[in-house]
Amino acid sequence: MATGLRIIEREDGGRAHSSDHGREISATTASSPQTPLHVQITEFAGKVFLPAGYPASVSPDYLRYQLFNALQAFCSSLAGLLSSRALLEGFGVGNAHASATNAILLTVLQDFFSRITTICAAYVLGPSLSPEAKTFRLLADVSNDAAIVLDTLSPLFNSALLPIRLPGVRVAALCLSGVLRALCGIAAGGSKAALTVHFATPISGAGDIGDLNAKDSSKETVLALLGMLAGSLIVPYLTTTWSTYSVLFGLVGLHLALNYVGIRGVVLRSLNRQRMSIAWDIYRETSETKIPSPKQVSNLERIFERPGVLRELRTNSIAGHCTIGSSLNAVLRGSIIPLPLLDQMREERYVLWFDRLCLSSRPNSPDELRAGALRLHICLMEGNTAADQLKAWAHAVEVGRMLLLQQRLGASLPRPAPAELILAAHRRVNPIFTNFLQGMRDAGWNTSDVALLAGSPRTLIVSIQSTDLETDLEEKKER
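One gets our numbering by counting positions in the sequence shown from 1 and adding 446 to each.
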């Protein structure tokens, strides 16, 4: 009796094949008909431009973002050709009185400002690029479009069309465009790296960041080529000022719109300050019954929100601002935190306290909260974990919620003492936070690698010890 094997395999693209093998079978028999030509072409293009294992190797929002990213890159390439033409005119191409030396000096000056900006921007913006990846990804395109507009307008600054000649304005505009391009490079590079890590992290399984980066580079190369080819056909027909600037501003507007829509569709599963605030607010508003999914939070997330703002979703009211990773010594500056507060929160690996500007000190009396915007500081202790940071932020959000609630109930109510407010918020957060954290994990959130901190904390608290001031004074007198 002849025996054989039937082997069923699945390609990385998802298509299954079965083949029979045996001693009496001389050829492999495929169970599926021959693939049509257009399907073969589509599959080949997918292997060239999409990561291996797609769609199982990427996050669900990858393809949507790439489609809008491709369209915006095409618009940016066309607008870049218009700015390149204007830039060459600004350097003196076509002007009999211009010299190559002046063009070189202008290029050097523009490059100088660009490089200095790169160094400064990396220092100032670097720690914030990953936690606020969506914000800086869109901000990078805004900076790039502003640079394109300045380059395109630069020939006008020395043109006879202007009623007033302003010497040096064209040089300043070109230097400013170099500054904006440098800002774009820093913001786009850091935020793109964070988004790449997100796209290469599927809900289940693992992706390949290197392959994803390589495929993205190949797509960008093709789009740049198509943009240059299309621009080579269009630019020669843009011979008047009106037609040039009409097309330019149309492309810039479309470019920004496509970028905004594309960024809005990115569903990050890491928790930064804004996403954690939204998630906790939804959880509390639903009486601890609903854990929001990453998609629900993404729909409510603001692209240009100041990091650290404590905002209530239901009323859109801002309770104040909170900073995480502050130095406790810098926050206190000669004042003191009530010992009962420290004693009741001794199990926590953080200290939550108010900014000095929020407190009014009186001689021989405890501090009181001033009327106005709230400012909180989270000071982390040595050995803190991601869960400690999330709990500290939920604690701060709860303080803001309680103050807004008091404002709605009426100004006639006395403002609570600072320590009492911190402890009351802690009593609300502490019993329910463990269930909240587990629910967030079950909903698909990454709670082990959070993005609440922009960089590293300034200092970490090693220990807090109470001292007897009167005893210290007596010891100093005896000396």
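Hints in this document: simulated from the structure, not taken from any laboratory. These numbers were taken from a predicted model, which means no experiment stands behind them. Some hints could be false.
Simulated pairs of lysine-lysine, BS3-like, Cα-Cα distance not exceeding 27 Å [as the list claims (entries may be wrong)]: (1) Lys-736 with Lys-638; (2) Lys-493 with Lys-736; (3) Lys-493 with Lys-638; (4) Lys-665 with Lys-638.
Per label pair, the in silico range of CB-to-CB distance [to be verified]: (5) Ala-652 with Thr-488: 24 to 34 Å; (6) His-484 with Thr-831: 31 to 41 Å; (7) Ser-773 with Val-570: 14 to 24 Å; (8) Ala-676 with Val-485: 19 to 29 Å.
Every residue gets a Cβ at the ideal spot worked out from N, C-alpha and C, and that includes glycine.
Right, here's what the structure says about each hint:
1. The hinted pair formed by Lys-736 and Lys-638 fails the criterion: a straight-line CA distance of about 32 Å is larger than 27 Å.
2. Restraint check for Lys-493 and Lys-736: not satisfied, since their Cα atoms lie roughly 40 Å apart, outside the 27 Å limit.
3. For a cut-off of 27 Å, the pair hint linking Lys-493 to Lys-638 stands: about 22 Å separates their Cα positions.
4. A C-alpha spacing of about 15 Å is found between Lys-665 and Lys-638, which places the hinted pair at or below 27 Å, so the restraint holds.
5. For the pair Ala-652 and Thr-488, the beta carbons lie near 26 Å from each other, so the given range of 24 to 34 Å is met.
6. For the pair His-484 and Thr-831, the supplied restraint of 31 to 41 Å is violated, since their beta-carbon distance comes to about 53 Å.
7. Between Ser-773 and Val-570 the CB atoms are about 19 Å apart, so this pair conforms to the stated range of 14 to 24 Å.
8. Roughly 28 Å separates the CB atoms of Ala-676 and Val-485, a value that falls within the hinted 19 to 29 Å.
Hint check: violations occur at hints 1, 2, 6; the rest are consistent with the structure.
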